[in-house]
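> Let's have the full structure, built from the sequences with the hints guiding it.
Start counting the sequence shown at 56; every next residue gets the next number (the numbering used here).
Please note: incorrect hints may appear among the correct ones.
Unchecked claim - The calculated lysine-lysine pairs, modelled on DSS-like cross-linking and capped at a C-alpha distance of 30 Å, are:
hint, residue 1, residue 2
1, Lys1138, Lys158
2, Lys544, Lys531
3, Lys1158, Lys931
4, Lys1128, Lys428
5, Lys158, Lys430
6, Lys887, Lys869
7, Lys1148, Lys1090
8, Lys826, Lys840
9, Lys447, Lys1138
10, Lys158, Lys1156
11, Lys1081, Lys1025
12, Lys127, Lys482
13, Lys206, Lys336
14, Lys869, Lys725
Claimed, not checked - What follows is a set of in silico ranges between Cβ atoms, one per label pair, in the way DEER data are often shown:
hint, residue 1, residue 2, range
15, Gln228, Glu266, 21 to 31 Å
16, Arg273, Ala468, 30 to 40 Å
17, Ala784, Ala495, 31 to 41 Å
18, Arg786, Arg122, 49 to 59 Å
Please keep in mind that the hints were generated in silico from the structure rather than gathered at the bench. Only a predicted model underlies this, so the values are computations on that prediction, with no experimental measurement involved. We put the beta carbon where it would ideally sit given N, CA and C, even for glycine.
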Amino acid sequence: MADVSAMVSPPSAQDLQALMSLDRKKDDEEALPPNHRGIVPWPRPPYYPIIGNLLDIDSTQIQDSIRVLVNKMGPAFEMNVLGNQTFVVASQEMCDFICNEAKFEKYISKALQDVRNYAGDGLFTAFSWENNWDIAHRILVPAFGPIPIRKMQAGMLDIASQMLIYWECHAGQPFEAANHFTRLTFDTIGWCSFKYRFNSFHSDTLHPFVEGMFELLRGSGHRAFRPAFLNKLFYKENARYWDTIHKLWATCDEVVAHRRANPDPDANDLLNNMINDRDPKTGEALSDENIRYQMVTFLIAGHETTSSTLAFALYYMLKQPRIYQKAREESDAAIAAVGGNYLKLNPSQFPYIDAILKEALRLHSPVPAFSVKPKNPNGEILPGGYYVPHGKQISCVVENVHQDIASWGEDAADFRPERFFEGFPKKPNAWKAFGNGARACVGRIFAIQEAILALALITARFDVELADPSYTLKVKQALALKPDNFNIKAYPRKGRHQNLLNEFLLGSAAITKEEAATANGTKTPPVSRRGKLYVLYGSNSGTCEEFAQEVAAEGQASGFEINIGALDDVVPDAKLPTDAPVIICTTSYEGQPTDNAREFIQSLRGLNPEDKPMAGVRYIIMGAGHRDWSETFHRIPLLVDKRLEELGGERLLELSLADAGDDLLGDFEKFKGRLWDHFGTTEDAKDVKSTTADKPSIKVLPATANSASGTFADMSTGTVVSQRVIGPAERDLPETRYITIRLPDGQSFQAGDYLNILPKNPNSTVDRVLKHFRLDGNAIISFDKAMPFIGANTPVRAADLFGSYVELSLPVAKRILPQLASMCSDAKDKAKIDALDADYTHSVTEKKLSLLELLESVPSCRAELDFFLGNLAKLKIRQYSISSSPLESKTEATLTYTVHKPASKSGNGTYLGVCSNYLAGLSEGDELFCVVKSSGDFHLPEPSTPVVLFAAGSGIAPFRGFIAERAAQKAAGEPVAETHLYFGCRDETSFLHGAELGEWVKSGVLVLHPVLSRSQQASFKKGGLKGTALPPAKKYIQDLVYEDREALRDLYKAGARFYTCGSGAKMAADLRKTAVRIISELKGVSAAVAEEKMEEISREKYKTDVFL
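This is how it looks when you write it as structure tokens:
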């Protein structure tokens, strides 16, 4: 539903008497803040009592009506239709201002609320505060990333072929372009997303679902122009309306029920994501009702906008034949480059067609307006001095933004795709075809890829002309804006004699000689030396270290001499080597360097650019980050890349960046492709195959042979003193435990430090390995060369090797999938591995499909033990925050941790978190390998300094130690400042350490600010916190923080230190955004200034510890 109709929608619940009380004076008073000096009144067109500006709007041509009003009133004016007050803005400056998500959020208009009758709390119509919006957004946004969408290309081509074959069979017959593009896009979203065929090109009439959807949207449009009380009087229309809704729902429910009864793990579609995936933050799944709403949402939003864009684009291409010809040349080149195999076409091969589509969207955005509302309870003042009260609707007219001369040039009204290669637009937020921010269209990558493929195949295969050469563009308002009566004729391209159906069949089966050679195993990896590479990393959680290890492994397999290490270990003085290229993989935490890159970054910042100290350094940077840290996203990788250039270094490749909030591994795979392309080893290193030369030579000795005992650098033996459950598992909430460990001799810690644990793989997983390879657990294994996890010729028991030395649960590496496929004797097994390779991110990475699981699922794969061991990583150390204070015990440390046992996303039983399940299986007296690790500056200040702690769930771990330390100091008679804890859990049952917290509150050590996100109770009902009041209707910590902003400001002025700890980056990022907002409001400064102040605070007074 185009949001422009929302600008004139009625109130949700008003009767005639309320409408007749419409009062201009009251509106004027509401439109002014308490202190309204300097506020400029909104211009307002003349209006009538009761109906307001209703007569200014033609319901059949809403966009034209709004255009007339904009031309008459200017870029800012107020409207009132049937009592619904709307502030209209129509300039790039205004658009840029209201796109600030810190100040404004999506406004769900009354018209969209009517659509909620059948789309419910789907992504498009959900209120931002609704729980299902958060859950669905986190589940579905990754499903619409570049890699998953690329996997849908075969489905897109399936539907496109139906349309184009129809054109070929009806060559020269006129038809309406928009009608055919509607059929194309509707069938595409149905097939690619839900594996449901609407078969629009096999019938003169549309599928009943399509007709029903059109009827509902038309009905919503009509209802938007009637008062709510009047809609109730249309009894027959309402009966038909609800009957149609239930028919649509029944179709959706039938599709879902069929998939649940007949699982299709190879479908690679959105329906699988909605049914099988869980929210990475809460662990919740989408309900069948919400899946139904999402299906309706995608079918509505996913077809008409794309079809309109294709129709507008083709119109301009036919009016300017040079554009059509240029697109054809691009298509011919791209298809030739992939040997005619359409499945291998990549949208990146079509920059000019992409520009054509963007230009069409610029001049004719299918959804010509979007609406927001101010978040600030005091409202917002827009550029020009226009005030908008809290919660009131602001509608932005996209057409005017898209034709702003300052942004797009003097020819802004002309169709000219080349402008996108000339640095346009010149101003921010000047192109808003897909909406704004978090509420922007999640399917934009899908839509663009689908449209690019369609135009590429049309231009390559057909000569197209206007049915009426004199036709000039007329726009009609349907579900979206589209060309009216735009009829075309299509003919098979002159000189092309092959039948299109045959071309699709042959093209999709095409294989190059090189691919055939690879598939047949005739290709061999290089044996020559290629020189030296340095691979350095900065990593806390291990991700960038793993990236570096993989780059090093592939480089070594390609013949490079590799030197690898942490930045601080190798170059703490930032004196990078000049005798070979340097590859750096690094990330940042809240804008700060990792623990093992701090000295390097400090040294790098201190070097003088005039001295050119990096002259001769050749470097490549790979950076990781998480989008939830929007203000500090990729800060350290960006700094390193820029600083090395300033200091005289030579950048060999443009900076590569990966997003842990999206497709991290997909981004990394792209980086490796670029990396090995640069070094001329693409075919050698990008898809390194394990061969006999690569595999370790192993010996399996009798069980009676002597074996080595496992010893690990820096690790010593600790002992379990006690363990108990403090948070029982319930529904999708994991169990939480509290374990006490006697530390190895000579080790000490501070409150806030970490305890590093070397875990063991679950016995059940080890048994599966032994069973698969038919090994005795007591058999002795040794290797003829050093492995990442054990030295050469070191005998070890098979059970110990698989239990304590190697990772068994990591996703199988993409680079070995082709080799595994070649080892299969059964065609079905080979096809299964090929499908995993094609859909690696979704089917392997996201589902955590391990090498062991894969081998178990393809019984004909003859991967031997040496291949299996040669492709396992060393068992990683896991890091836990210590949750006690040395003032409680200097020799014992406690951990508060959750036990991860979610259902396996790969469908193979339960996924067992390696370390948490290892710890949970330990009993009093059991020994384990562990070592204390400093947390840097995440420690308590002097006792006289107030502290404010923010935690959620098991993120309370270090803060339990902080509070215990303050309690011990107070008990010893030492003056102790205030300690405030803002602690969020789901409900009272999951409120960890509640009894202790209650005692500390009573003793005066702690001021507790609890938040229960899933409970509406007014106070705690049991335990040590019984009777403690709970804030009303507060869902998350940041809500309570904002409410307490005045008190927190006072604590800040008193010198308080602030700390955050929790699972996932989002909680800390949301708290940071709230802090920036508070600074902005309390100091009366801009968001940018507030962010700078927050950076200063972060360096001095605010510390964060998140675990992803």
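> Against each hint, give a clear statement of whether it holds in the structure.
Against the structure, the hints come out as follows:
At most 30 Å may separate the alpha-carbon atoms for a hinted pair to count; Lys1138 and Lys158 meet this at roughly 16 Å. Distance check on the hinted pair: Lys544 and Lys531 sit about 21 Å apart at the alpha-carbon level, within 30 Å; holds. Distance hint between Lys1158 and Lys931 is fulfilled; the C-alpha atoms sit about 26 Å from each other, no more than 30 Å. With a C-alpha separation of about 18 Å, the suggested pairing of Lys1128 with Lys428 holds against the 30 Å cut-off.
For the hint pairing Lys158 with Lys430, the CA-to-CA distance comes to about 6 Å; that is within 30 Å, so the pair holds. Distance restraint check for Lys887 and Lys869: the Cα-Cα separation of roughly 14 Å lies within the 30 Å cut-off, and the hinted pair is therefore satisfied. A C-alpha spacing of about 27 Å is found between Lys1148 and Lys1090, which places the hinted pair at or below 30 Å, so the restraint holds. With a C-alpha separation of about 25 Å, the suggested pairing of Lys826 with Lys840 holds against the 30 Å cut-off.
A distance of roughly 25 Å separates the Cα atoms of Lys447 and Lys1138; the hinted pair therefore holds under the 30 Å criterion. Distance restraint check for Lys158 and Lys1156: the Cα-Cα separation of roughly 25 Å lies within the 30 Å cut-off, and the hinted pair is therefore satisfied. In summary, the hint linking Lys1081 to Lys1025 is supported, as the alpha carbons are separated by about 24 Å, within the 30 Å threshold. Of the pairs offered as hints, the one joining Lys127 and Lys482 holds, with about 25 Å between alpha carbons and a cut-off of 30 Å not exceeded.
Between Lys206 and Lys336, the direct Cα distance comes to roughly 25 Å. Compliance with the 30 Å bound is thereby established for this hinted pair. Among the hinted pairs, Lys869 with Lys725 is consistent with the structure: their alpha-carbon atoms are about 12 Å apart, no more than 30 Å. At roughly 24 Å, the beta-carbon separation of Gln228 and Glu266 lies within the given 21 to 31 Å, and the hint holds. Checked against the hint of 30 to 40 Å, the pair Arg273 and Ala468 passes, with Cβ atoms roughly 31 Å apart.
For the pair Ala784 and Ala495, the beta carbons lie near 37 Å from each other, so the given range of 31 to 41 Å is met. About 53 Å separates the C-beta atoms of Arg786 and Arg122, a value consistent with the hinted range of 49 to 59 Å.
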